[in-house]
Amino acid sequence: MLQDAICTLNTLQTNASALEQVRRERGHPQLQLQAMRGYLERAGLTVEELDHLNIIHVTGTKGKGSTCAFTEQILRSYGFRTGFYSSPHLVQVRERIRINGQPIGKELFTKYFWQVYGRLEETKDAHRGTMPAYFRFLTILAFHVFLQEKVDLAVIEVGIGGAYDCTNIIRRPWVCGISSLGIDHTQILGDTIEKIAWQKGGIFKPRVPAFTVRQPENAMDVLKDRAKEMSCPLWVCPDLEDYQADCGPLHLGLAGQHQRANASLALQLSHTWLQRRCLPGGSGYSIFSSLSKSLSFETSCRLVLGLADTEWPGRNQTLKHGAVTYFLDGAHTMRSMQACVHWFRETAAQHERMASGTVARVLLFNATGERDSAAMLKLLLPCHFDFAVFCPNITEAIASCNADQQNFNVSVENMLTRCLDNERSWRLHHGQGDNSTELLIDNGLSLVPKKKADTLVFPCILSALQWITQGRDPVLADSSKSVLEVKPSIMAKAALLCNATEIHILITGSLHLVGGVLKHIDPASSK
4 MLQDAICTLN
14 TLQTNASALE
24 QVRRERGHPQ
34 LQLQAMRGYL
44 ERAGLTVEEL
54 DHLNIIHVTG
64 TKGKGSTCAF
74 TEQILRSYGF
84 RTGFYSSPHL
94 VQVRERIRIN
104 GQPIGKELFT
114 KYFWQVYGRL
124 EETKDAHRGT
134 MPAYFRFLTI
144 LAFHVFLQEK
154 VDLAVIEVGI
164 GGAYDCTNII
174 RRPWVCGISS
184 LGIDHTQILG
194 DTIEKIAWQK
204 GGIFKPRVPA
214 FTVRQPENAM
224 DVLKDRAKEM
234 SCPLWVCPDL
244 EDYQADCGPL
254 HLGLAGQHQR
264 ANASLALQLS
274 HTWLQRRCLP
284 GGSGYSIFSS
294 LSKSLSFETS
304 CRLVLGLADT
314 EWPGRNQTLK
324 HGAVTYFLDG
334 AHTMRSMQAC
344 VHWFRETAAQ
354 HERMASGTVA
364 RVLLFNATGE
374 RDSAAMLKLL
384 LPCHFDFAVF
394 CPNITEAIAS
404 CNADQQNFNV
414 SVENMLTRCL
424 DNERSWRLHH
434 GQGDNSTELL
444 IDNGLSLVPK
454 KKADTLVFPC
464 ILSALQWITQ
474 GRDPVLADSS
484 KSVLEVKPSI
494 MAKAALLCNA
504 TEIHILITGS
514 LHLVGGVLKH
524 IDPASSK
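For the sequence shown, this note's numbering gives the first residue as 4, with consecutive numbering after it.
There could be a bad hint or two in this list.
Cβ-Cβ distance ranges computed for the label pairs, FRET-style [as the list claims (entries may be wrong)]:
id: 1; residue 1: L384; residue 2: D54; range: 49 to 55 Å
id: 2; residue 1: H387; residue 2: E44; range: 53 to 59 Å
id: 3; residue 1: L499; residue 2: D7; range: 42 to 48 Å
id: 4; residue 1: Q247; residue 2: M4; range: 48 to 54 Å
id: 5; residue 1: K381; residue 2: D155; range: 42 to 48 Å
id: 6; residue 1: N103; residue 2: S529; range: 16 to 22 Å
id: 7; residue 1: D54; residue 2: G193; range: 20 to 26 Å
id: 8; residue 1: K490; residue 2: Q33; range: 51 to 57 Å
In short, the hints are calculated from the structure, not lab data. Virtual Cβ for every residue (Gly too), placed ideally from N, Cα, C.
Between the sequences and the hints, there should be enough to build the whole structure, so can you do that?
Written out as structure tokens, the structure reads:
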């Protein structure tokens, strides 16, 4: 059963041995790759086998997933059988492991999960009872799936960082890429752009071509030094405008100005992979400088088609359901939030010009981990929302929550406290003072503020969406969905939403939040 597999997978989020591993390895990050090699061998795989996957390895702070999506789509358009490993998933964990652009099927996931889990379980007694943590296990599973399914290539997105990320047991990728760098995961990667660049440059390999988008000067200097010490040829991608397309102008399937740099990186990665795969001799790039600007080239119709056909849900995504329009972007760093605000203001303005009457704007926000929520919320102020709504990354406040989206690493109490902190930051940004929010608590979880119509805190994603949409989204109005009872005083505040011709909702701050929203508003994503 698929759900049995997923529930077993979820035990790897917090099992005692995994927590002990984290504590033991925190001061000795090189142990992480050593441990990963051990788990790989226990699962019946070797690092030598991974060489046969013809890997494209991509890291970065912002845009690495989009870059991978462009790259995979381009190479699939050439007829290659592609594997694509990414994180996190939005709705179902199977999304992380894709064959030819599609999440692997339920039967395949279940079969391969138990093959890998069984081998690790059988050998754990001989290895102090250890099992790999969640992300390590999924990485091993992805490698196993791609080898069993005989893909022509695998696009592998780094989890966190690069140098000590468990994907970095790859010895011989065919090409590497680094998307835009910024500050994120500082407890693991360091608190400066230079430290983060050092970690990201850890995926460079001797004589394996690497490409980067333009970076801040200090970060670029570090990448240049890392490439030199590893004898890795490194190029900086040209602007997208520099490419000549023989099939008309380049059009991107992903919205947002910032996607242009990701698309250029994907073109370089795809072009280089194709050259090494298809040209006589195969290796190419025999003489390299330590850093130079990559040349633009004439893009074929297949390259152009690949960029145009790319889909990557939850990133600059717009979904219209009647009077309700959802703008979804999983931005969770300062730079990605700046890009999100630029995209939303431009796109929402276009939609408002087409509206036949008044439009109500609502922000639905959550942020997790060590991220500076207050700073990100400040960036959102120019969007002029009528309401700011906060909720944890809990899909529904009932026990039937989908196992794919369960997170046992953070308590519900901590999640709700974070939401209240975010609500307080928003009020302070608006000069409303730091008045403590009086909560109306029903059934143990129902949280809404008693005062001030501009901010609301809800216990789960579904209750927040139901209040914001006021029954005007037919998908959410499904009678099978339980409706959280809200006090009349709170319902009275929704007059603006009821009377508006359209409701525009920006969902941002967390990819997990975006995934929880998609589970409710896009039923196909759960199938």
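Next on the checklist: Need the list of violated hint numbers for this structure, in ascending order.
Outcome noted: Violated: hint 7 alone.
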